[in-house]
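Dock chain B against the given chain A, drawing on the hints supplied.
Below are the chains, spelled out letter by letter.
Protein chains: 2
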Amino acid sequence: MIPFNKPYLTGKETHYIYDAVNAGKLSGNGKYTQRCQEFFKERYGFGKCLMTTSCTDALEMAAILINIEPGDEVIMPSFTFVSTANAFVLRGAKIVFADSRADHPGIDESSLESLITAKTKAIVPVHYAGVACDMDKIMDLAEKHNLFVIEDAAQAIDSYYTGKDGVRRALGSIGHLAAFSFHETKNIISGEGGMLAINDEQFEKRAEIIWEKGTNRSAFFRGETDKYGWVDVGSSFLPSELITAFLWAQLENLDNIQVKRKDIWHAYSDKLKNLSNISFPIVPDFSTNNAHMFYLVCENIDDRTNLIKYLRDNEILSVFHYLSLHKSPFFVEKHDGRELKNSDNFTDRLLRLPMFYELTDSDLDKITSLIQKFYSF
Amino acid sequence: MIPFNKPYLTGKETHYIYDAVNAGKLSGNGKYTQRCQEFFKERYGFGKCLMTTSCTDALEMAAILINIEPGDEVIMPSFTFVSTANAFVLRGAKIVFADSRADHPGIDESSLESLITAKTKAIVPVHYAGVACDMDKIMDLAEKHNLFVIEDAAQAIDSYYTGKDGVRRALGSIGHLAAFSFHETKNIISGEGGMLAINDEQFEKRAEIIWEKGTNRSAFFRGETDKYGWVDVGSSFLPSELITAFLWAQLENLDNIQVKRKDIWHAYSDKLKNLSNISFPIVPDFSTNNAHMFYLVCENIDDRTNLIKYLRDNEILSVFHYLSLHKSPFFVEKHDGRELKNSDNFTDRLLRLPMFYELTDSDLDKITSLIQKFYSF
Numbered sequence: 001m002i003p004f005n006k007p008y009l010t011g012k013e014t015h016y017i018y019d020a021v022n023a024g025k026l027s028g029n030g031k032y033t034q035r036c037q038e039f040f041k042e043r044y045g046f047g048k049c050l051m052t053t054s055c056t057d058a059l060e061m062a063a064i065l066i067n068i069e070p071g072d073e074v075i076m077p078s079f080t081f082v083s084t085a086n087a088f089v090l091r092g093a094k095i096v097f098a099d100s101r102a103d104h105p106g107i108d109e110s111s112l113e114s115l116i117t118a119k120t121k122a123i124v125p126v127h128y129a130g131v132a133c134d135m136d137k138i139m140d141l142a143e144k145h146n147l148f149v150i151e152d153a154a155q156a157i158d159s160y161y162t163g164k165d166g167v168r169r170a171l172g173s174i175g176h177l178a179a180f181s182f183h184e185t186k187n188i189i190s191g192e193g194g195m196l197a198i199n200d201e202q203f204e205k206r207a208e209i210i211w212e213k214g215t216n217r218s219a220f221f222r223g224e225t226d227k228y229g230w231v232d233v234g235s236s237f238l239p240s241e242l243i244t245a246f247l248w249a250q251l252e253n254l255d256n257i258q259v260k261r262k263d264i265w266h267a268y269s270d271k272l273k274n275l276s277n278i279s280f281p282i283v284p285d286f287s288t289n290n291a292h293m294f295y296l297v298c299e300n301i302d303d304r305t306n307l308i309k310y311l312r313d314n315e316i317l318s319v320f321h322y323l324s325l326h327k328s329p330f331f332v333e334k335h336d337g338r339e340l341k342n343s344d345n346f347t348d349r350l351l352r353l354p355m356f357y358e359l360t361d362s363d364l365d366k367i368t369s370l371i372q373k374f375y376s377f
Numbered sequence: 001m002i003p004f005n006k007p008y009l010t011g012k013e014t015h016y017i018y019d020a021v022n023a024g025k026l027s028g029n030g031k032y033t034q035r036c037q038e039f040f041k042e043r044y045g046f047g048k049c050l051m052t053t054s055c056t057d058a059l060e061m062a063a064i065l066i067n068i069e070p071g072d073e074v075i076m077p078s079f080t081f082v083s084t085a086n087a088f089v090l091r092g093a094k095i096v097f098a099d100s101r102a103d104h105p106g107i108d109e110s111s112l113e114s115l116i117t118a119k120t121k122a123i124v125p126v127h128y129a130g131v132a133c134d135m136d137k138i139m140d141l142a143e144k145h146n147l148f149v150i151e152d153a154a155q156a157i158d159s160y161y162t163g164k165d166g167v168r169r170a171l172g173s174i175g176h177l178a179a180f181s182f183h184e185t186k187n188i189i190s191g192e193g194g195m196l197a198i199n200d201e202q203f204e205k206r207a208e209i210i211w212e213k214g215t216n217r218s219a220f221f222r223g224e225t226d227k228y229g230w231v232d233v234g235s236s237f238l239p240s241e242l243i244t245a246f247l248w249a250q251l252e253n254l255d256n257i258q259v260k261r262k263d264i265w266h267a268y269s270d271k272l273k274n275l276s277n278i279s280f281p282i283v284p285d286f287s288t289n290n291a292h293m294f295y296l297v298c299e300n301i302d303d304r305t306n307l308i309k310y311l312r313d314n315e316i317l318s319v320f321h322y323l324s325l326h327k328s329p330f331f332v333e334k335h336d337g338r339e340l341k342n343s344d345n346f347t348d349r350l351l352r353l354p355m356f357y358e359l360t361d362s363d364l365d366k367i368t369s370l371i372q373k374f375y376s377f
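Chains A and B, in that order, give the protein sequences.
For the first sequence, position 125 (counting from the first letter as 1) is numbered 125 according to my numbering, and the numbering increases by one without interruption.
For the second sequence, position 250 (counting from the first letter as 1) is numbered 250 according to my numbering, and the numbering increases by one without interruption.
Isolated chain A (complex conformation) (with noise of 0.2 Å):
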């Protein structure tokens, strides 16, 4: 069987993690964590970089930070996971949710002015697949309207957004916010594993307060104050030094796996694409492509199902993805109504396939070999 995905090691995970056992400190912000947060403040020019248990604890501690109060209001597409909308729930907001660009999952920016009310305070880009959202519009639209801009960076880290001004910029260092996963699934992992990029830098000490739980001990462990105790809201958001520890293997290797991971991309793109039945992710000119996943849009539900099939007949394993969330159980009843028939299209044709770094070239003569003759029945 072709999985659909599989951790890659690099072979230092264990050494790193057993250094980290041997130092004896195993709890949150020790070497390992300062560490993995300087590589990416330096690499990716983000601003204050904080590592958490999850990309759900950085989007949770974005809602905390930009006081998101019962009422407030916050866009963000509905083509996304349940944390990117969960994050803000538990603080009380209500979630509008916008629709996706017709060729691509990603928010579609034109329709967000629309949405905006007295009551908006913040829009979540989710830069899906690691493909930017333009974010030259949703920053102008962030700026005319007052409101903050946290990216869901999820998928995309090592991906970047050239804006009107010819810079490249790395995603996840242009909103005020920007959260990341390092879920297994991801490009670079730690089984659990997440982090908070803090790009605006009035945001800087209230972070480090809310990811020590409420408390000021960061700055009391710097000299900078002579009492630590509870000074405001908080949880802990800090992962254990086994995490960062294995972290850092993966983010040494970072280079080795992006080049990988592309080349398998683009074998999957030069191998499918005089198929006219089913349409390949578009990446805009103002984007680059981090590799974190093939998809295909198929024709249909039905066509999408039986593809699945076949190929898991044939021991490969495909997935769909997101269900559009405003038709979820939890949100249908909460929906205003609107169609979102671009988020409802992905939610049915979008076919993600095997994508991981041991992926073989015969693995994929196989994977696309077999989506041909599908095709060609």
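Treat the hints as calculated values from the structure; they're not laboratory data.
Take these hints with a grain of salt, some might be off.
Repeated chains share a single entry, so a pair holds when one copy, or any two copies, can fit it.
Computed list of lysine-lysine pairs in DSS-like fashion (alpha-carbon distance at most 25 Å, straight line) [as the list claims (entries may be wrong)]: (1) 271 x 309; (2) 25 x 12; (3) 6 x 271; (4) 6 x 25; (5) 260 x 366; (6) 273 x 119; (7) 271 x 31; (8) 144 x 94; (9) 6 x 31; (10) 309 x 366; (11) 309 x 41; (12) 41 x 12; (13) 334 x 6; (14) 205 x 334; (15) 31 x 205; (16) 334 x 227; (17) 31 x 12; (18) 327 x 119.
Relative to the frame of chain A, chain B by itself:
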């Protein structure tokens, strides 16, 4: 320098982590997570157990499960860790702080009934130092006033309470819900980590959903539902298998760890009991002692400050503990003005001595001799 704490490693931690890494399943709810959960359920008679990224997160799950809403009141001791309070503050609760007992930092059970109002939703007893609160009194009160009891059992693994029925029950198995910590300062550790024990069956199904980010993923994979989607609020409370694999090595050695810690605790007690200037931990007849902590209560704050300094000058790290939360910068303006003198007393006078598996007899002799010397001046 004799540290205050040193994480103990059984030697098998990296072995099990290596096994988890090789199994290729590093995200949450894998083999080791399930193994740990079964262990706790079997050994301690807890209801359903769910591993979490921290005790803080377990408390947050509890607050969501009992549907805390703005205005609800939750009673807990002021002498506790910030997370006990923050977990409920994050859901909008009003915290009503109770005093400690005069003879112990645990909540003063006799003060509770006067704090209950029509808005009270829960009582959160904290089993300080692993010593039981009088759970019969608390459960009776909860039943009378229709309240939930959430045991903050962060320090209380492997400790027991014997009620008026003569039955010995594990701490964490008595309240409707209970939260444990496996932070590196605890008896058994995983760096960061925690667990929620769900003893009231009504919460079992929803707990699993909240744990899985508000989705019915677990039920879906058991074949109980044909769709997997967003059905509730939730977060990413699951720890990576890296964390639970590490913990598994500790659980295999739990008995050994506990014997050693109890030996150290009793050695401290024997070597210091002659001193009349300090008071010692009491362990009520209804409670066992899990040797989580050995503390002294000094005569006053100056005495304690001097003793800490004296020990530090002699290369021994002893530490004070919580600062009354009702007087914290975050809460002081929200407090109703009641004096909580026992809580303040322990804030000023309680001193924790080094306590860890690898503390040697000669360390113990050195520490206790110095304390004897300090009080002989």
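Hints, verified against the model:
For the identical chains of this complex, residue 271 and residue 309 are intra-copy neighbours only, at 21 Å inside a copy versus 72 Å across copies, given an alpha-carbon limit of 25 Å. In this assembly of identical chains, residue 25 and residue 12 lie within 25 Å of each other by CA distance both inside one copy and across copies; the values are 19 Å within and 17 Å between. Only within a single protomer do residue 6 and residue 271 lie at most 25 Å apart by alpha-carbon distance; the minimum there is 22 Å, versus 56 Å between protomers. Proximity of residue 6 and residue 25 under a CA criterion of 25 Å is satisfied inter-copy only: 8 Å between copies versus 30 Å inside one chain copy.
For a Cα distance limit of 25 Å, the shortest separation of residue 260 from residue 366 inside one copy, 18 Å, qualifies, whereas the shortest one across copies, 58 Å, does not. With identical chains, the CA atoms of residue 273 and residue 119 are never at most 25 Å apart, being 45 Å at best within one copy and 64 Å at best between copies. For a Cα distance limit of 25 Å, the shortest separation of residue 271 from residue 31 qualifies neither inside one copy, at 44 Å, nor across copies, at 38 Å. In the homo-oligomer, the alpha carbons of residue 144 and residue 94 lie at most 25 Å apart inside one protomer (21 Å), although the nearest pairing across protomers, at 37 Å, exceeds that limit.
Within a single copy, residue 6 and residue 31 get their C-alpha atoms only as close as 28 Å, which misses the 25 Å cut-off; across copies the closest is 17 Å, which meets it. Only within a single protomer do residue 309 and residue 366 lie at most 25 Å apart by alpha-carbon distance; the minimum there is 15 Å, versus 71 Å between protomers. Taking identical chains as interchangeable, the C-alpha atoms of residue 309 and residue 41 are never at most 25 Å apart, the minima being 43 Å within one chain and 39 Å between chains. Taking the shortest alpha-carbon separations for residue 41 and residue 12, only the intra-copy value of 22 Å comes in at or below 25 Å, while the best inter-copy value is 35 Å.
In this homomeric assembly, residue 334 and residue 6 never come within 25 Å of each other (Cα to Cα): the closest approach is 37 Å inside a single copy and 51 Å across copies. For the identical chains of this complex, residue 205 and residue 334 are inter-copy neighbours only, at 23 Å across copies versus 35 Å inside a copy, given an alpha-carbon limit of 25 Å. In this assembly of identical chains, the alpha carbons of residue 31 and residue 205 lie at most 25 Å apart only when taken from the same copy (20 Å versus 39 Å across copies). Proximity of residue 334 to residue 227 under the C-alpha cut-off of 25 Å is restricted to the inter-copy arrangement: shortest distance 20 Å between copies versus 45 Å within a copy.
Proximity of residue 31 and residue 12 under a CA criterion of 25 Å is satisfied in both settings, with 16 Å inside one chain copy and 23 Å between copies. Proximity of residue 327 and residue 119 under a CA criterion of 25 Å is satisfied intra-copy only: 23 Å inside one chain copy versus 35 Å between copies.
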